[in-house]
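Novice: Sequence:
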Amino acid sequence: MKISMIIPIYNESKKIAACLAQLEELPGDWEILFADGGCTDDTVERIGTRYQVISCPKGRAKQMNTAAQQASGEILWFVHCDSQLPKAAYEQIQTAAEQGAVFGCFHIGFDYKGPFMGCNTYLSNRRAKRSHIAFGDQGIWLERRLFLQRGGFPDLPIMEDYELSRQMKQQKVPLTVLPGQIITSGRRYQGRFPLWTMWQMFWLRCLYRAGVDIEEISRRYRDIR
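5 is the number of the first residue of the sequence shown in our numbering; add one for each residue after it.
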């Protein structure tokens, strides 16, 4: 089974070396696609010819959708450039897909181990399992046919991962949470009270569900980051 890993990038010069290093050591039959939103630094040059770089309109949803159209794998796995990926990712996705799963993610962990981060990790994983809602930093994966059939990620400046999960839930497509753990950046929690940051993120989702203008939500999210 071929799995297409899609990595949206935009000026990732500080992160790309670590990303490339882990890709070299990641087991599996991967097709790796970098979805370039118009990098103006040396990110694309540093990727070189090792992997396919696809020029895309800027915007994470647009980038991931454009790359998905060109992917050839049966499964699409969307990951962030700065995520630390589980070594058993390919095996776990393949096994789940062979057992009939079509939509899933991984457990999440954070590279920042400050106060209450254990609580944050627990609540994030519990939310995915109980509410069947996944976010991009958990490494969302889908059957390519299903993804394209449903039109890909909604064209939003933010919340595209949340909205995709909501749509899948509404259509009764179950979320399979795999046992591997993706380690993601905890920078938004550093120098702040983590529970307050968690509350702010929860509040942004409430605003989205209430129909608040997406550009206003995006502005508030930038303030949190």
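Simulated from the structure, these hints should not be mistaken for laboratory data. Keep in mind that a hint or two might mislead.
Under the rule of at most 20 Å between Cα atoms (straight-line distance), these lysine to aspartate or glutamate pairs were calculated in the DMTMM-like manner [claimed, not checked]:
no.	residue 1	residue 2
1	Lys6	Glu78
2	Lys91	Asp46
3	Lys62	Glu147
4	Lys19	Glu167
5	Lys18	Asp45
6	Lys173	Asp141
7	Lys62	Asp86
8	Lys18	Asp115
9	Lys18	Asp46
10	Lys62	Glu78
11	Lys6	Glu147
12	Lys62	Asp46
13	Lys62	Glu219
14	Lys117	Asp141
15	Lys91	Asp33
16	Lys6	Glu28
17	Lys19	Asp33
18	Lys133	Glu167
19	Lys173	Glu147
20	Lys91	Glu167
21	Lys18	Glu78
22	Lys66	Glu219
23	Lys91	Asp141
24	Lys66	Glu147
25	Lys18	Asp141
26	Lys19	Glu49
27	Lys6	Glu35
28	Lys19	Asp86
29	Lys18	Glu28
30	Lys6	Glu95
31	Lys62	Glu220
32	Lys19	Glu95
33	Lys62	Asp141
34	Lys6	Asp33
35	Lys117	Glu102
36	Lys19	Glu29
37	Lys19	Asp46
38	Lys18	Asp33
39	Lys117	Glu95
40	Lys66	Asp115
Novice: If a hint holds in the structure, say so; if it doesn't, say that too.
Specialist: Hint check:
no.	hint	verdict
1	Lys6 <-> Glu78	6 Å, holds
2	Lys91 <-> Asp46	27 Å, violated
3	Lys62 <-> Glu147	24 Å, violated
4	Lys19 <-> Glu167	27 Å, violated
5	Lys18 <-> Asp45	10 Å, holds
6	Lys173 <-> Asp141	18 Å, holds
7	Lys62 <-> Asp86	18 Å, holds
8	Lys18 <-> Asp115	16 Å, holds
9	Lys18 <-> Asp46	10 Å, holds
10	Lys62 <-> Glu78	25 Å, violated
11	Lys6 <-> Glu147	11 Å, holds
12	Lys62 <-> Asp46	17 Å, holds
13	Lys62 <-> Glu219	16 Å, holds
14	Lys117 <-> Asp141	17 Å, holds
15	Lys91 <-> Asp33	13 Å, holds
16	Lys6 <-> Glu28	17 Å, holds
17	Lys19 <-> Asp33	24 Å, violated
18	Lys133 <-> Glu167	17 Å, holds
19	Lys173 <-> Glu147	15 Å, holds
20	Lys91 <-> Glu167	28 Å, violated
21	Lys18 <-> Glu78	31 Å, violated
22	Lys66 <-> Glu219	16 Å, holds
23	Lys91 <-> Asp141	16 Å, holds
24	Lys66 <-> Glu147	18 Å, holds
25	Lys18 <-> Asp141	18 Å, holds
26	Lys19 <-> Glu49	13 Å, holds
27	Lys6 <-> Glu35	7 Å, holds
28	Lys19 <-> Asp86	6 Å, holds
29	Lys18 <-> Glu28	18 Å, holds
30	Lys6 <-> Glu95	11 Å, holds
31	Lys62 <-> Glu220	19 Å, holds
32	Lys19 <-> Glu95	26 Å, violated
33	Lys62 <-> Asp141	19 Å, holds
34	Lys6 <-> Asp33	6 Å, holds
35	Lys117 <-> Glu102	35 Å, violated
36	Lys19 <-> Glu29	17 Å, holds
37	Lys19 <-> Asp46	11 Å, holds
38	Lys18 <-> Asp33	27 Å, violated
39	Lys117 <-> Glu95	28 Å, violated
40	Lys66 <-> Asp115	28 Å, violated
In this structure, the hints that do not hold are numbers 2, 3, 4, 10, 17, 20, 21, 32, 35, 38, 39, 40, in rising order.
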